[in-house]
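Participant: Sequence:
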Amino acid sequence: SFSFQSHPEPVDEKAADAAAQTPTRLDPRCKTVDVEKDLVDWQKPLLWQVGYLGEKYDEWVHQPVDRPIRLFHSDFLESLSKTAWYVVFMVWAPVVLYLSWVSYTSLAQGNTRLFSSFTTEYSIPVHKYYFPFIFLLGMFLWSLLEYLIHRFVFHMKPPASNYYLITLHFLLHGQHHKSPFDSSRLVFPPVPASLVIGFFYGVLQLLLPEVLGLSVFVGGLCGYVIYDMMHYYLHYGSPKKGTYLYGLKAYHVKHHFEHQKSGFGISTRFWDHPFRTLIPEETFEKED
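Position 157 of the sequence shown, counted from 1, bears residue number 160 in the numbering used here, the numbering being contiguous throughout.
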């Protein structure tokens with residue numbers, strides 16, 4: 004098996020197995036930080052330092068290290084910027100269950116109609132039996148949103164002259180590529196996550212009838228929880244050779260260490276196909 008975990012294991016697999024071996028602390032792809040010579044002071048919080056790197060930021064942030072990151076001087080803000088993986092499930096899984104029940108029982112009342120704001124004559128009733136399909140639609144839409152955010156927001160290249168955009172990039176995602184082994188920064192902390200989730204809830208409420216918007220939203224929220232749990236597992240889990248998750252983990256490792264401008268799908272590679280950002284299969288193999 005292969006893992007993002009930080010203890011080295013002997014590798015005697017060939018071809019794809021060897022290429023899929025996840026880097027460890029001894030892996031040459033992980034840079035050893037020289038605290039005396041590095042571009043930032045690792046003894047101080049990094050967030051307000053990285054903006055000064057300018058043109059050197061992009062290269063620096065894509066040289067991964069295996070050490071924890073501190074972002075803020077404030078212990079309170081620092082505590083809000085990281086979390087254990089299981090907290091995401093503990094916080095959001097009950098919300099998914101409750102809102103699913105609310106959506107289903109509301110649809111069961113038979114008062115929800117699509118296009119009713121435009122016309123009553125041709126509006127379409129939405130029955131409670133449609134809820135599973137609306138829920139799955141929400142999950143599907145989340146998978147697209149996951150791809151778009153990862154590619155166009157998290158992997159934007161901030162202008163070298165813009166201190167604030169560099170700082171924002173590092174806060175959103177640069178920190179993860181700089182320190183992919185920091186287990187407290189692999190999932191979205193609940194407090195900032197609630198702000199983003201609340202935003203998308205508001206958008207759906209504006210675009211769709213209330214109950215229908217809620218039904219799509221709860222499916223998307225479930226998709227997000229699965230994504231975050233899967234992302235953590237891809238870094239620290241040990242999927243069985245030949246399984247879907249084994250291949251997905253190898254794919255994500257390639258994204259981190261070799262193909263940082265492609266392979267943006269995390270919970271699925273589906274959207275990498277139409278957007279032409281798929282990491283070629285042959286890159287998972289190497290010559291004997």
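Keep in mind the hints are simulated off the structure, nothing from the lab. Check before you lean on any hint, since a few could be wrong.
[To be verified] Calculated pairs, EDC-like style, for lysine to aspartate or glutamate (alpha carbon to alpha carbon, straight line, at most 20 Å):
1) Lys85 to Glu58
2) Lys243 to Glu284
3) Lys40 to Glu62
4) Lys40 to Glu58
5) Lys131 to Asp44
6) Lys244 to Glu284
7) Lys47 to Asp78
Participant: Now look at each hint and say whether the structure bears it out.
Facilitator: Hints versus structure:
Taking the CA atoms of lysine 85 and glutamate 58, the gap is about 28 Å. The hint is violated against a cut of 20 Å. Taken as a hint, the lysine 243 and glutamate 284 pair is honoured in the structure, with Cα atoms around 19 Å apart against an allowance of 20 Å. For the proposed pair lysine 40 and glutamate 62, the alpha carbon gap of about 15 Å is at most 20 Å, so the pair holds. For the suggested pair lysine 40 and glutamate 58, the alpha carbons sit about 17 Å apart, so the restraint of at most 20 Å is met.
The suggested pairing of lysine 131 with aspartate 44 is violated, with an alpha-carbon distance near 57 Å, which exceeds 20 Å. Between the alpha carbons of lysine 244 and glutamate 284 the distance comes to roughly 16 Å, so the proposed pair stays at or under 20 Å and holds. Of the supplied pair hints, the one linking lysine 47 and aspartate 78 holds, its CA atoms being roughly 13 Å apart against a limit of 20 Å.
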